[in-house]
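The chain contents come next:
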Amino acid sequence: MNYRGLAKEIELKIHSDRPARKWPVEAFFKWGTFAFAFLIIVLLIWMIIAIAIQSQLSLEKFGFQFLTSTDWDPVKGLFGALPFIYGTIVSSIVAIAVAAPISIGVALFLTEMAPKWLRTPIGFLIELLAAIPSILFGLLGLFVFVPFVREWIQKPIGKILGWFPLFSGAPIGLGMLSAGLLLAIMIIPIITALARDIIGNVPNIQKEGALALGATRWEMIWKVVLPYARSGILGAVILGLGRALGETMAVTMVIGNRAEIKASLFAPSHSMAAVIANEFTEATGDLYLSSLIEVGLILFLVTFLLNALARFLIWSVAKGPKGGIRA
Amino acid sequence: MAKEMRTEKLQAWYGSLHILKGIDMVIEKNSITAIIGPSGCGKSTFVRCLNRMHEVVDGTKVEGKVWFEGQDVYDQQIDPVDIRRKIGMVFQKPNPFPTMSIYDNVAAGLKLNGIRNKKILNEAVERSLRMAALWDEVKDRLNYSGMSLSGGQQQRLCIARALAIQPEIILMDEPASALDPISTSHIEDLVVELKNEVTIVIVTHNMQQAARIADTTAFFLNGNLVEHDKTDKMFMSPCDKRTEDYLTGRFG
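So the protein lines, in turn, are chains A and B.
Mapping to this note's numbering: the first sequence position 249 is 249, numbers consecutive.
Mapping to this note's numbering: the second sequence position 107 is 434, numbers consecutive.
Some hints here could point you the wrong way.
To be verified - Within a straight-line C-alpha distance of at most 25 Å, the following computed SDA-like cross-link-like pairs (lysine to any residue) qualify: (1) B:LYS392 <-> A:GLU208; (2) A:LYS207 <-> B:VAL553; (3) A:LYS207 <-> B:GLY349; (4) A:LYS207 <-> A:GLY296; (5) B:LYS392 <-> B:VAL553; (6) B:LYS420 <-> B:LYS392; (7) A:LYS76 <-> A:VAL317; (8) A:LYS207 <-> B:TYR401; (9) B:LYS445 <-> B:GLN419; (10) A:LYS207 <-> B:GLN493.
Said to hold, decoys possible - Derived list of chain B stretches under chain A, where covered just means 3 residues or more per stretch with a C-beta under 8 Å from a C-beta of chain A: (11) 404-411; (12) 536-542.
Derived from the structure by calculation, the hints contain no laboratory data.
C-beta atoms are modelled at their ideal positions from N, C-alpha and C, and glycine is treated no differently.
Generate coordinates for the entire structure from the input sequences, incorporating the hints supplied.
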């Protein structure tokens, strides 16, 4: 067997001039993928335009006032979206405030602390939690979670901190706090799973660098692992935020569905997605329907704005010191 | 010369692999000890055992004793964190912390130890960077990322980082193997300078490097210490046939 001996096939396929291809595969591939990418943009613009057209009636009637009015009175034909905007944003903030630290803690436990044999089962359970349909969360929330929040969270907190506006009022269970906490439970799996992968990807050599300087495990995590992973973790939190903003069924079952703005987290509230789901079927009259669709438009814009803001946050955090190469 | 450190029947495992099979070795104070040997002979594992870095990897095990400052490093009473503060380490691949500036990289170890005084930090950072022969190159951009430096500069930054907490010993695990010849010679000059201040143990693949800088050289083979002697003697007239074979390129 010599170097050239076996190579008839190789000789033919590689060293002789290539025959012209019958099909322009390269060009086809290039334009094909371009078309798919372009399709996304078209889809997005088309959705915005379609929603805007559908909500034209209410856009013309209420104008900018739709964003600032707290009146939502289908009988009188008065529609204002502020309570829903407020409800969506505040319940999502509560959810993130609760879910982010817990998720990062769980992710750190799974990557840095837990014994090897425990990591896979716990990770699997967390991913299972992410796969539960949201309507189940809603049912469970209504019959189990809401009474629990009322008895074990609202009553004790109300007793001690009832004078504080955020925790004032009757502990009825249904309301902003329950919605926020339920959302937190729903987004913990997503944030945890992503944060675990991100933290797990911090190079060993970085961790050993910290340990070799005499860092304890906690110092290593706090000074080296988390800073290294910070932009990725923020990204994970933002994905969770996105899910919290748009979540409909579970929220509508526990938030109380009352279009009011109250300082107290205990008070019933409403959210943009919830009001659309609840009132869509009973929306009599074009203006009512049009107003609901405009709420959808605003939900879209709020999600878009918060994501843009979050991107900016990641970008400014990830920049690090001058001359760094990390994006 | 005074003894800095002594290992006694030091054995190490990685999973079921028996990597070090009982090493008795003396490391002298303010000297450079080079450790040479073919790949997989246990030389990296040996230095990682000296500051208890071997055990940070799952499934590893160490037996035997490492005497340092009159105590066994592996004594139950000893916190590995304290050991690592006295015995620093420089790795094969430069690993500056990417989210920290040059200044913060050097100050990282001091800050871990609770030093907040700006004046002390400034002094320590400048002194460490000067000792690492990097000060002139970076003094105008201390607030830049450590990642903005070249590979050789990054490695000297890591040496400065290790020096900042004033360890007694610095362990270097092939510190120049990822660097170009000019950066390598910078690092070698630096190591020779440093031995007045600290004891250095350096693992190297490069026998010429050991010959150039080391006071004593140890030859490892298959987890055993074959020979450890003055570098001149090792290279001129090794006692063991295996050392001679390795040094003359007959295997490894």
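Taking the hints in turn, this is what the structure says about them:
1. Pair hint B:LYS392 plus A:GLU208 holds up; C-alpha atoms about 22 Å apart against a cutoff of 25 Å.
2. With a CA separation close to 33 Å, the supplied pair A:LYS207 and B:VAL553 exceeds the 25 Å bound.
3. Distance check on the hinted pair: A:LYS207 and B:GLY349 sit about 28 Å apart at the alpha-carbon level, beyond 25 Å; violated.
4. Between A:LYS207 and A:GLY296 the alpha-carbon distance is near 46 Å, which puts this suggested pair outside the 25 Å criterion.
5. A distance of roughly 19 Å separates the Cα atoms of B:LYS392 and B:VAL553; the hinted pair therefore holds under the 25 Å criterion.
6. Distance restraint check for B:LYS420 and B:LYS392: the Cα-Cα separation of roughly 28 Å exceeds the 25 Å cut-off, and the hinted pair is therefore not satisfied.
7. Between A:LYS76 and A:VAL317, the direct Cα distance comes to roughly 48 Å. Violation of the 25 Å bound is thereby established for this hinted pair.
8. Restraint check: the Cα-Cα separation between A:LYS207 and B:TYR401 comes to about 21 Å, which is no more than 25 Å; the hinted pair holds.
9. The straight-line distance between the Cα atoms of B:LYS445 and B:GLN419 is roughly 31 Å, outside the 25 Å bound, and the hint therefore fails.
10. At most 25 Å may separate the alpha-carbon atoms for a hinted pair to count; A:LYS207 and B:GLN493 meet this at roughly 20 Å.
11. Here's how the segment 404-411 of chain B fares: 3 of its residues keep a CB closer than 8 Å to some CB of chain A, so the rule of at least three is met and the hint holds.
12. Counting residues of the segment 536-542 of chain B whose CB lies closer than 8 Å to any CB of chain A gives 0, which falls below the minimum of 3, so the coverage claim is violated.
When each numbered hint is compared with the structure, violations occur for hints 2, 3, 4, 6, 7, 9, 12.
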